[in-house]
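If you read the protein sequences in the order shown, they are chains W and P. Residues 718 to 1255, numbered by the numbering used here, are exactly what the first sequence covers, in order. Residues 25 to 442, numbered by the numbering used here, are exactly what the second sequence covers, in order.
Just so you know, these hints were derived from the structure itself, not from any lab. Ideal Cβ positions, reconstructed from N, Cα and C, are used throughout, including at glycine. Among the clues, some could well be false.
[What the hints assert, rightly or not] Some chain P residues judged to face chain W by a derived CB distance under 8 Å, without partners named:
#1 E48
#2 A82
#3 C131
#4 A163
#5 C166
#6 T196
#7 Q318
#8 K319
#9 G410
#10 E416
#11 A425
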Amino acid sequence: MDAKTLVFGHSHEAREIANRLLQHGGEVVVATPAGTEDRHHFENLGTGIGSGRCEILPLGNSFSCDGSVGRFGISVHADGHVHTKTASSIVIADTIERSPNYSFYSLGPSAYVVSLSQIMTWIAAGSEAVTAHLAGKRIAFLTGLVEESNPVITEEIMRCALNCQQVFDKQTYLFTRNLKVAANGLEALYRQTKEAGMVYMKFAETIPKIEVSGDGRVVLTYLDEVIRERFQLKPDVTVVDETLQSSALSRDLSYKLRIHTGPDGFIQSDNVHRATVFTNRTGIFVAGFSRGIQTRTDRQADVGNTVQAVLNLYQHPPEDPVGKAHIRYSGHCVGCLTCFRACPYGAISLTPRVTVDPLACEGCGICAAECPRFAITINMPAGENISERIPDAKKKVATENFKPAITAFCCSRSAKGAGDLAVKMGCSLPSGLTLVAVPCAGSVSLVHLTAAFKQGADGVLVMTCHDGNCHSEYGNIYAHRRVEQLTDLLSQIGFEPERLQYRTLASNMGTEFAGAVSAFENTLRDLGPSLLKEESEK
Amino acid sequence: MRAKKVLVVGGGVAGLTAATDLAERGIDVDIVERTDFSGGHAIQYTCKATDKCVKCGACMVEEKLDRVVHHPRINMMNRTWIEHVSKTEDFSVDIRKKPVFIDPEKCSNCGVCFEKCPEPGVISKGYSKNHHPFYAISAEKCRYQKDQSCTVCQNACPEKAIDLCVKASAETIQADAVILATGFSPFDPTSKPYGYGKFKNVITNLEMERMLRIHGRALSPAGGEAAGSIAFIQCVGSRDAKLNHLWCSQVCCGSALRMAGLVKARQPETQITFFYMDVQTFGRDFSEYYSNIQKKVRFMRAIPGDIYPADNERLRVTFMDGASSEGRQEEFDLVVLSVGMTPCEDLRDTAATLKLKLAETGFAEKVDDTGALDDKGVFTTGAVTGPMSIPESIASAGETAFQVARYLGVKTRTLHEI
C-alpha cells in the first residue's frame, strides 16, 4: 500500500494532519474547496510541496471520489480538464458551516441586530471596527433560547463579551436557558466574565419576549425567574447565536463515499465503536469539525489520533484473508446487489463484477447471511464456520427431568462477553445452554437458525448489541428481522414462537445475561421438548 | 538493544488506551495500577441502554481492557504504585507492590473464598470478565494480616491458590518514557449538608452506577426494596466557588440523566426529580435524548440546601422552588449526589515524584506537544488533566500515545520503506 493520503478540508486540523504525515515520510494530496487553495494558507506544508510529496488540489465545481482502502481515486473537473489522483487512505477534516439564528428569535440583520460571527470579526479587526459598528453601551447575546446551545458557541460568546467589557467598556448580557460550560476552562471563564460585569439571565420555565422597537433596537421583556420580577431591556446591539453544521464538502463526501452520518448530520455515525476518528469505511478517517461540534482541545486530539490511525493502516494493512467474505460466481452469484446494499463497510464494489475488497471487509458476515443465492461464504478454517459450530443437541433428549437444550448465537463483541462475565460472577446458567460465538449477529442466517432447531435445540436465542451499538451498524437489525421472519413462519405451522427469541445486551451485562437465559429456560420448561427435535430424532 | 518501553501510571480508560496504542506500534508497556482491579472508575459503570444504546461509553472500557489483557507487549500490574523516579538516559522507577494473596495461575474464580470469609468487605469482587483473579483480598482488612487469627479462605480454597503469608514487594523498572494517567478522585460529599455517610439512602452517582450494574434496579440501600422516588442532585463539588472548584465535571448531567432513563425503563412507576443548575450537552444525540427525558423526569432548577431524615429512612430535601420563590420540602426514598471530579488523591505527591507542574485547578497540566517536542519524557493524559468523559479520555490517550511514539522516535519502518 502506498503511503499516500488524500486530506480533504480547509481547516487548521487538515493542515496539521497533512504536515504530520509529511513529517513521517508520507505523501499527501490536500483537496480544498475551490478558491481556498492559496499558498499562504498552506504555508506550513512548504517543505512537503517543495519536495514533491505534497500537492494542493483545488476541488473546482465538480469532482468524483470513489474506490476503497488502498485504492481511492479522485477526479476533479476544471477548465475542461480532468485531474485524477489516487490515494491509499482518506482524511476528512473540513471547517464548520455557520448560519445565524435570526429566525429563531424573529429578527433580521440590521445595524442593531448582528450575528456572532460578525461581532467576532469586528473584535478581531480591532478598536476602529468596533467603534464603527458597535454603537451604544449595551450588548445582549442570545443563545440556546429555542434550540439548545453548546460549549463552542458559549465560549465564543464569553470571550467576545469579556473583550467588550474590558477593552471597549460595554455592558454585556447573556440570555439563555442552559449555560453550556462542559468544556475545559469554561466555568472559570464564566466566573471571569461575571467579575468583569457581564450579566447572565437564565430561563427554565419562561422565554423572553423579543420585539423590535420603532428605532430598530430590540426590546427584551422577561421574567427574572430567581426574584420573580418582570424586566425590560433595550440593548443597543443584539447578537444572535449561530447553528453549527457539517460543511457542504463534508456532506458531499459522506454521500459520495457512503460514509454514515450521525443524528446531527456530521460525518461519522453516532456509534461508540467509531471512537475516535473512524468511520464505517476502512481507510477513511474523519477529524475536527467534520465529525461534530468539538472544542479546540478535542479537535487537537483528533489530529494526533488521525495521524496515528493512518500510520497504523500503512504499517499493518488488514491483509489477513481469514474471516473475510468470498463470493462464488459460477452458478451462484446472479449480481442481484443484495450484498452491495447490505455491506455496512462499503467493501463491495461492482466493477468489473460484484467483488469483495478483502482489505475493507471486516468479516461481519451480513452479506453471507443475506445473499439469496448462498453465493457468499466467510473464509474460515475448517470447523470454524458458524454452521459447523451449531451444537448437535439431539443426544441431550430429556428423560424424566427435562433440561431444555438452548442454542444461543452470541455476538462476540457483546453478548459473548456478557456470558463470560456471568460465568465469572458465579451466576447459575442453564445446564443445556450452548453458546455459539459469532462475529456479528448479522451473520446468523435463517439457515443457521433452522439448523439449530433441526439439530435438537428446544429453544434458540439470538443475543446481540443494543440498537445503535453494533460495530457493523445494523447487523443487529438484520438479526432481529430474521428472528421475526422465522418466528412468523414457525407460528404459521403451529410451532411455538416463544422458542426463538432475540435479546440485546452489552458486554458488561453479566447479571442481565444470566437473567435472560434463565427466564428462557423456564419458558422452555413450560413448553416441554421441541417437536422439531422429536421429528429429527426419528 | 532492548525494545523501547513505556511506563503507564494508572490502569483506567486513558491508561489502557495509551498502552494499547503504543503496543500496537511495537513498544513494550508496563502499566501500574494502584487498586485491585484495572479499568478505573469506568469499569464499574453500568450499561445505560434501554431499548437502544444511549452512548454512555461504558462498554468501551471493557473493550479496551480486553485488548490490554490479551496484548503480548503489555504487562499489567495491579495493587502497585510508583515511589521514586530517577532519570539518566532513561527512567529508573521504583515501584511498590501490595501482596497479592491469590495466585492467578491457580485461581479458578470459584468464589469460595468470598463466600467463606467471615469479615464482610475483606474480599472484594471484580467487575469485568477480564478481571483475573475475580476476587481480591484486602491487605489492610484481612484478619490474618493483623494477628494471624484467621485462615478460613486459605483453607477453603479448593485450588490452594491462596497464600496469606505473601509479603509486599518492591522492584525497579526501566522505562524510556512515563505516562501519568491516574484519572480523578470523586468529590467526597461528607462536607455538604446532604447527610452523606449518615443517611444510608444518600448515595453518590458512582455508587448508583455500581448498584445498577450489580442489581439492575434502583433499590434503597437501607431496606433493599425498590426506590419509589429518587432525587438526583447535580454539581455536588463541581462549579462551586466556595470550594474553589471552578470547573464543570462535564459528565454528570449525561450520567445522571441516562441512569434516570434506565430506571424509568425498568421501574416505570419510579418518580424522579433532577435538581440542576444548567443541563450540559452530552452526546451527539443530546437534543433527542433531552427532549425525551424531559417527559419522564421532573426538572427542578435548584440546588437543594439541607437534607433531613424522615420516617422509614426516607429523606426530606429542602430547596428553593423557582415557581413560588419559596423554600419547599419534599420527601424521597433515595438521593443520588452527582459528585464532581476532583484531582486524584495523591496527585500532589506523584507530580512531585515526576517533577510535573499542576494547574491552578489542582489537576495536572496537559503536556502539550503542539510546539516543540517534549524533552522530559513525562506525559499526562486523560482525566488527570481535568474532567473528561470516556470518549474524551480515549481521544486524549490516543493523542498522547502518538506524542510518546514521536518522542521515542519510533519508526519501526518509515513510510518510505513500506
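With a cut-off of 8 Å on the beta carbons, see whether P:E416 makes it to chain W. Because about 7 Å separates P:E416 from the closest Cβ in chain W, which is inside the 8 Å limit, the hint holds.
Checking hints one by one. Is P:G410 an interface residue toward chain W, by the C-beta closer than 8 Å rule? Holds: closest Cβ of chain W sits about 5 Å from P:G410, inside 8 Å.
Interface hint check: P:A163, Cβ to nearest Cβ on chain W, cutoff 8 Å. Holds or violated? Violated, about 23 Å.
Hint check, P:C131 versus chain W [nearest Cβ-Cβ separation less than 8 Å]: 11 Å, violated
Let's test the interface hint: is any C-beta of chain W closer than 8 Å to that of P:A82? 6 Å, holds
Minimum Cβ distance from P:E48 to chain W below 8 Å? 6 Å, holds
Residue hint P:Q318, partner chain W, criterion CB-CB below 8 Å: Because about 11 Å separates P:Q318 from the closest Cβ in chain W, which is outside the 8 Å limit, the hint is violated.
Would you check whether P:C166 satisfies its interface hint, that is, whether its CB is within less than 8 Å of any CB in chain W? 21 Å, violated
With chain W as the partner, please determine if P:K319 meets the hint condition of a C-beta pair closer than 8 Å. Result: violated, 16 Å to nearest chain W Cβ.
For the hint on P:T196, does the least C-beta distance to chain W fall short of 8 Å? Nearest chain W Cβ about 31 Å off; hint violated.
Would the stated hint for P:A425 survive a check requiring a Cβ distance to chain W of less than 8 Å? Interface hint status for P:A425: holds (7 Å vs cutoff 8 Å).
In terms of the numbered hints stated before, the structure departs from hints 3, 4, 5, 6, 7, 8, listed from lowest to highest.
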